Amino acid sequence: GEDVEQSLFLSVREGDSSVINCTYTDSSSTYLYWYKQEPGAGLQLLTYIFSNMDMKQDQRLTVLLNKKDKHLSLRIADTQTGDSAIYFCAERVTGGGNKLTFGTGTQLKVEL
Amino acid sequence: EAGVTQFPSHSVIEKGQTVTLRCDPISGHDNLYWYRRVMGKEIKFLLHFVKESKQDESGMPNNRFLAERTGGTYSTLKVQPAELEDSGVYFCASSRLGPGVRDTEAFFGQGTRLTVV
Chain A
1 GEDVEQSLFL SVREGDSSVI NCTYTDSSST YLYWYKQEPG AGLQLLTYIF
51 SNMDMKQDQR LTVLLNKKDK HLSLRIADTQ TGDSAIYFCA ERVTGGGNKL
101 TFGTGTQLKV EL
Chain B
113 EAGVTQFPSH SVIEKGQTVT LRCDPISGHD NLYWYRRVMG KEIKFLLHFV
163 KESKQDESGM PNNRFLAERT GGTYSTLKVQ PAELEDSGVY FCASSRLGPG
213 VRDTEAFFGQ GTRLTVV
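From first to last, the protein sequence lines stand for chains A and B.
Residues 1 to 112 (the working numbering) make up the first sequence, in order.
Residues 113 to 229 (the working numbering) make up the second sequence, in order.
If you are wondering where the hints come from, they were derived from the structure by calculation, not from laboratory data.
Please note that the accuracy of each hint is not assured.
[Claimed, not checked] With beta-carbon atoms standing in for the labels, derived distance ranges:
hint: 1; chain 1: A; residue 1: Arg75; chain 2: B; residue 2: Gln192; range: 20 to 30 Å
hint: 2; chain 1: B; residue 1: Leu196; chain 2: A; residue 2: Phe9; range: 24 to 34 Å
hint: 3; chain 1: A; residue 1: Thr25; chain 2: B; residue 2: Glu164; range: 16 to 26 Å
hint: 4; chain 1: A; residue 1: Lys68; chain 2: B; residue 2: Arg134; range: 40 to 50 Å
hint: 5; chain 1: A; residue 1: Asp16; chain 2: B; residue 2: Gln192; range: 47 to 57 Å
hint: 6; chain 1: A; residue 1: Ser11; chain 2: B; residue 2: Asp142; range: 16 to 26 Å
In this text the structure is predicted, and so the values were computed from the model without any measurement.
Idealized CB from N, CA, C, for every residue including glycine.
Based on the provided sequences and hints, a complete structural model is requested.
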């Protein structure tokens, strides 16, 4: 079945690294995504990773995938106040069409 | 190019009333999706249109929800009659048809916050 879990809150200091974790249960995931939602805005795709990859880096963002443990993480280096938002992980599974299964979202708060 | 737009941004209605949400996808996007986030919980898939056809409506909660996409352009989601548990944020997304993940990246609207009192 499809179930994606995330911790609800994370608080970091400006300049530190943030690590947001996600676990999923469906082993037939093909793509895994990270979306960002700022207040009053829609969901913005930040990055994605193929299920056969272990790591993907994109500027300040690093995605790590442990397929054996079904664990996905998003690391934000040098976290800024503008990174404060809700971060959702999502998976797309084989045979599921293009629909996404989302986690509960992690509220990231960046403090000065 | 305009993004995905949703109307209204907020709606407060009484239990038993009817509400219709609208989504205008990005022009040329054949895929259109509806999702819902109930307070503090995960974003859940409701249904998927390909052009005017319902491809997957497995996430629709019950028959009080009716989605349409006449002509394959904008879509409406009607809730009739609304219940308290229907409160949440309703997101619409659209994407192109295509073989790769880049082709099918889903672009989301800002959502409609529905409050049923």
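Okay, the hints, checked on the actual structure:
1. Arg75/A to Gln192/B: 20 to 30 Å: violated, 45 Å
2. Leu196/B to Phe9/A: 24 to 34 Å: For Phe9/A against Leu196/B, whose Cβ atoms are near 26 Å apart, the range 24 to 34 Å holds.
3. Thr25/A to Glu164/B: 16 to 26 Å: violated, 34 Å
4. Lys68/A to Arg134/B: 40 to 50 Å: For Lys68/A and Arg134/B the Cβ distance comes to about 44 Å; the hint holds.
5. Asp16/A to Gln192/B: 47 to 57 Å: Given about 49 Å between the Cβ atoms, the range holds.
6. Ser11/A to Asp142/B: 16 to 26 Å: violated, 41 Å
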